[in-house]
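> Work the whole structure out from these sequences, hints included.
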Amino acid sequence: MTNNFNLLSEEQLDSISSGKLWTFHGGIHPPENKQQSNQFAIRDAGIPATLIIPVEHKGHVPALLVNIGDTVLKGQPLTKVYGAMVVQHASSSGVVVAIEKRCDLHPSGLSVLSVVIQTDGLDRAVEYIKPQAFNEVAPAILVEKIQQAGIVGLGGAGFPSHLKLAHNDGIKLLIINAAECEPYITADDRLIQEQAHEIIEGVAVLNHILRPELTIIAIEDNKKEAINNLQEALQHSVYKDKIMVRIIPTIYPSGSEKQLIEILTGKQTPVGKHPIELGIVMQNIGTVFAIKQAIIDAKPLTSRIVTLTGDSLQKRGNVSVRIGTPIQYLLDRYWVDSIAVNQLIIGGPMMGFTIENTAVPVTKTCNCILAPTIKEMPSAPAEMPCIRCSECADACPANLLPQQLLWYSQSKDHDKLNDYNLSACIECGACAYVCPSHIPLVEYYRVAKAEINTAKIEAQKAETARLRHENREARLEQAKLDRQAKHKAAAAKRQAQMKEKNGGEDLIAAALARAKAKKSEETTEKPAKNDAVAAAIARAKAKKVAQAENREAETTEVDPKKAAVAAAIARAKAKKVAQAENRETEIAEVDPKKAAVAAAIARAKAKKAAQAETHKPTQTEVVDLDPRKAAVAAAITRAKAKKSEESPANETKQDEPDNSEVIKQRKQRKEQARLHKLEKAEIVSQTKEAEKTEPTVAEIKKAKIAAAVARAKAKNSENEEQQ
Amino acid sequence: MMTSIIIAVLALAALAAVFGALLGYSSIRFKVKADPIVEELDAMLPQTQCGQCGYPGCKPYAQAISEGDDVNKCPPGGDAVMRQLAERMGIEPQELEGEEKPKLIAFIREDECIGCTKCIQACPVDAIMGATRQMHTVITDECTGCELCVAPCPTDCIDMLPIEITTKNWQWNLQRIPTQINTEL
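Heads up: the sequence lines are chains G and F, in that order. Counting from 1, one number per residue, gives the positions in the first sequence under my numbering. Counting from 1001, one number per residue, gives the positions in the second sequence under my numbering.
It cannot be assumed that every hint is accurate.
The following label-pair restraints were derived from C-beta to C-beta distances [unchecked claim]:
| # | chain 1 | residue 1 | chain 2 | residue 2 | range |
| --- | --- | --- | --- | --- | --- |
| 1 | F | D1159 | G | R472 | 15 to 25 angstroms |
| 2 | F | Q1171 | G | N418 | 48 to 58 angstroms |
| 3 | G | G121 | F | N1169 | 38 to 48 angstroms |
| 4 | G | R43 | F | N1169 | 34 to 44 angstroms |
| 5 | G | R475 | F | F1030 | 43 to 53 angstroms |
| 6 | F | Q1094 | G | N418 | 22 to 32 angstroms |
| 7 | F | I1139 | G | E213 | 41 to 51 angstroms |
When the alpha-carbon atoms are kept at most 20 angstroms apart in a straight line, the in silico SDA-like pairs for lysine to any residue are as follows [unchecked claim]:
| # | chain 1 | residue 1 | chain 2 | residue 2 |
| --- | --- | --- | --- | --- |
| 8 | G | K267 | G | D241 |
| 9 | G | K58 | F | T1167 |
| 10 | F | K1168 | G | G109 |
| 11 | G | K456 | F | K1118 |
| 12 | G | K416 | G | G272 |
| 13 | F | K1059 | G | E477 |
| 14 | F | K1101 | G | T454 |
| 15 | G | K58 | F | T1137 |
| 16 | G | K101 | F | K1059 |
| 17 | G | K58 | F | K1118 |
| 18 | G | K541 | G | H414 |
| 19 | G | K416 | F | I1028 |
| 20 | G | K101 | F | E1142 |
| 21 | G | K58 | F | R1083 |
| 22 | G | K101 | F | T1167 |
| 23 | F | K1118 | G | K461 |
| 24 | G | K461 | F | A1043 |
| 25 | F | K1168 | G | S111 |
| 26 | F | K1168 | F | E1142 |
These are computed hints drawn from the structure, not numbers from a lab. Glycine included, every Cβ here is placed at the ideal spot set by N, Cα and C.
Structure follows, in C-alpha cells:
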C-alpha cells in the first residue's frame, strides 16, 4: 500500500514539526460570512415526528435488522454491513413505520431505501456500556467498532472512516482537519469551542490506532476562540507532547485534503494517489469527536452538528440534529422566511448543492443548510464565452488549466480531459468564483467526470461481456468435443463388451455385414423387379385396350351374323394379307434390298404379335384377327416398359405419372382409336362385298392397298413412339 | 582492376548475406501473430453479442469490417461507435442501419418462469442463472441487453426494462429528476 518513494522523510518531518508552513498554488478569499452563526452555542434541534434514515450506500443495500412495526431505541443498529458500508442507527426511539424508497439528500433528488421511524418523543436510548480503556484494545478492534458506530467523514465527503484507518503501518503524519475554509459554515468552529477536551481525547484514540510519528491539528487563523480553547485543552491534557496545533492562514480551499497536506508538508499528493501513500492520514475534527464518542462513550453516531444560516432564517446558529430529521422540520423550527428564501443550499456556497424537496432528511454529510435571500445571493448572471483570461488557472489550487478543461468538457474529448488531469479537480469552485464570464466551470467538470466514469464502466462491462462470450463459445465447443469423445468411447466399450460376451465374435459387425450383403442383393434384384412392374403395367394397358376392343366387338355382336361374317372377312383378310405379302416379295425381287427390309419388318411384327398374345391370352382371337393392331399395342407396351426402365428410381412416380406422360398416353390412345376406326370401316366394306360374290381381282387390289396404308400407318406410329 | 571488382562484389555479397540473416531472424523473432485491426475494431464494438449486425457476435463482425463490410450495422453501439469504426477504417461515416435505442436489460418475471432453460441457452454472455424446472433469473450486471432471450421464452415472461438510475450511475444534471417543490417555502 505505502510506497517508500513518496513517504515523508525524517528531515521533512523535522521541518514540519518545527512549525514551517508552505502554500499551495492559487486559492481565493471569498467573504467568510461566519459570524452569523458562530456566535451562538450549539442547541439541540429536538425530535421530529418522523425520522427518515437512508440505509443504502452508493447503490449497495445492506441487510436490515428491523421490520416494519418494530420498536426501536436511540442508538439501535438498523443494518448489518460489510465492506465499505457503515451501520446506520435509529437516532431516536419510536416505531418503524415504513421501509421504502425515500428522496435522499443528494443533488439528484433520487430515492434510496430508507427506514422511516415514527418517534415517540421519549428519546429512550439503548444502554451504553462503558467499554475497556481504548489504549488496552487492539487497533483492529477499534476500527471495527468505528464501523459499527456508523462513522463516516463528517467534513462533507462522507468517506467511511474505518477504511482510512484500516492501514495503520508506516503512518508518519496524522492531520486533524479543522480548517473549515468554506464560507458560512461554523459547525467545526463551534464544536471545538465547546468540546475541545473530548476532541483531544478523540485524537488520542486515533493516535493509538495509527501510531503516527507526528499529529497535527490544523486550524485556520480566523477561528480565534476555537484556537484558544483547543490550546488550553491540550495544555491540560496528558497528550500535550504528542499533539500540536498548527494555525494556518485563512485561504479557500485550505480545508481540502490535498491542499492542507501541501500547506503543512509542502508535498503534493500525486494525481490518482491517496495521501496514505505519503504516510499521511487526515480526519475531520467532527469525525474525531464522533470517534471519541464511539470508542470512549460507546455511543454510535446518531446526530451531527449542522450550521443553519442565511438571511432567510430568523434564528441562525449551529444545532445538533438527529440523523434523518427532515429539513422542513429544521426550517420550521428556525423560522425560515418562506417568502425571502431564494434557494436552499446543502453545504457551503462554494461546493454545496441546491435542493428542491425539503422533505429530504439530514444525513451524516450535511454540515450546513444555507437559506440565503435573493439579496444575499443573487442568481448567477448569464454565462458568457470564455475569454481565456487565465484567472481560473491562477486561482486553481490543484494547478490545473480550467480553461482547457472547459474546452474539452464542451467537446466531450475524454482523452484530452485525462491528459489535462480532470480527475485531479477537487471541484472547489475557485475557478468559477473568479471567472469574469460567469461560467459555471465546476458544473461542466462534474458532468464530464460523470461521463468519463460512465464510459469507463461501460468499457469494463463490454470487456467482461466479451470475455464471458468467448468463454461460453470455448465451453460449448469443448462440450461438443467431449460429447463426441464420450459417444465414441461408449461405442467402443459396448463393442468390447459384446465381443467378450459372444466369445470374441463381433455380432454388430457381422450383422452390419449381413445387412450390407442383403442390400447389394436387393440392388441386383431391383432391375428384375422393375421389369416385373413394367410388365404389370403393360398387362394392365393391354387389358384396357382389349376391353375397349371388346366393347366395340359387343356392338358388332348385336348382329351375330354380321360378327360371323366379320370373322370370316378377317380370316380372309389375313389370308389376303399373306398373299399380298407374298406378292410383294415377288415385286420386291426387283429391289431385293427393299424386300429384305419389308420382310424384316414383317418378321418383327409377327414376333411382337406373338409376344402380345402371350401377355393377353383372352385376346388371342382379336389379335389373330388383326396382327397389326397387336403390333401397335405391343409397341406401346414396349415404349412404356422402356420408359419405366429409364426411371427405375422414381418407382412411386410411376403410379401417378406426370403430365407429359399423361399427354403422351392420351395421344397414343387417340391414335389407336383412329386406327381401330379405319380397320372397322374396312371390315364393314369387305363384309358387304363378301356377301355378294367372291372377291374380285380389283377387290384384292383394294385390300392390298388398304393393308399397305395400314402398315404405313402402323410404321408411322411406331416411329412416333420411338421418337 | 579485376581484383578491385572482385573485392567489391565479395564485400556486397557478404553484406547481403549478413543483412539477409538479420532480416530473416527478426521476421521470426518479432512476428505479429494476429491481424491487430480485428482486435482494435472488436474493442470499439459494444460487445452486446446481439447479432443485429447479422454476424454471430461482435468479433465476427469486426472481422467482417476488416474485410470490407459496412460499419453501420451496430445499433447498440449507435452513431458514436459507427463514427469510430469509420475513422479507424478510413472511410466516410454512413447512416446507421436500424434504430439506436437506450440500453435495456432483461428481467424475468419469476412467477411465470417454468424453468425450461431456453433463455439460458440463448444468452450469449451466460447472464441467466437457473436450472431445469427451477426458476431462472438474470444477472443484471452481466446482461448486455441483446434481447436474444426474449423470443425463445415459451411463456413470454422476459421483459426488457430500462436501467434503474441510482446515485451511483446518475449523471450530473443530465438526468435531473424534477422533484416536488415545497409550496410552503
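> For every hint, state whether the structure bears it out.
The hints, checked one at a time:
{"no.": "1", "hint": "F/D1159 - G/R472: 15 to 25 angstroms", "verdict": "holds (23 angstroms)"}
{"no.": "2", "hint": "F/Q1171 - G/N418: 48 to 58 angstroms", "verdict": "violated (18 angstroms)"}
{"no.": "3", "hint": "G/G121 - F/N1169: 38 to 48 angstroms", "verdict": "holds (40 angstroms)"}
{"no.": "4", "hint": "G/R43 - F/N1169: 34 to 44 angstroms", "verdict": "holds (39 angstroms)"}
{"no.": "5", "hint": "G/R475 - F/F1030: 43 to 53 angstroms", "verdict": "violated (34 angstroms)"}
{"no.": "6", "hint": "F/Q1094 - G/N418: 22 to 32 angstroms", "verdict": "holds (29 angstroms)"}
{"no.": "7", "hint": "F/I1139 - G/E213: 41 to 51 angstroms", "verdict": "holds (48 angstroms)"}
{"no.": "8", "hint": "G/K267 - G/D241", "verdict": "violated (25 angstroms)"}
{"no.": "9", "hint": "G/K58 - F/T1167", "verdict": "holds (6 angstroms)"}
{"no.": "10", "hint": "F/K1168 - G/G109", "verdict": "holds (13 angstroms)"}
{"no.": "11", "hint": "G/K456 - F/K1118", "verdict": "violated (32 angstroms)"}
{"no.": "12", "hint": "G/K416 - G/G272", "verdict": "holds (16 angstroms)"}
{"no.": "13", "hint": "F/K1059 - G/E477", "verdict": "holds (17 angstroms)"}
{"no.": "14", "hint": "F/K1101 - G/T454", "verdict": "holds (17 angstroms)"}
{"no.": "15", "hint": "G/K58 - F/T1137", "verdict": "violated (23 angstroms)"}
{"no.": "16", "hint": "G/K101 - F/K1059", "verdict": "violated (41 angstroms)"}
{"no.": "17", "hint": "G/K58 - F/K1118", "verdict": "violated (34 angstroms)"}
{"no.": "18", "hint": "G/K541 - G/H414", "verdict": "violated (89 angstroms)"}
{"no.": "19", "hint": "G/K416 - F/I1028", "verdict": "violated (38 angstroms)"}
{"no.": "20", "hint": "G/K101 - F/E1142", "verdict": "violated (25 angstroms)"}
{"no.": "21", "hint": "G/K58 - F/R1083", "verdict": "violated (34 angstroms)"}
{"no.": "22", "hint": "G/K101 - F/T1167", "verdict": "holds (13 angstroms)"}
{"no.": "23", "hint": "F/K1118 - G/K461", "verdict": "violated (24 angstroms)"}
{"no.": "24", "hint": "G/K461 - F/A1043", "verdict": "holds (12 angstroms)"}
{"no.": "25", "hint": "F/K1168 - G/S111", "verdict": "holds (12 angstroms)"}
{"no.": "26", "hint": "F/K1168 - F/E1142", "verdict": "holds (17 angstroms)"}
When the structure is compared with the earlier hints, violations turn up for hints 2, 5, 8, 11, 15, 16, 17, 18, 19, 20, 21, 23 and for no others.
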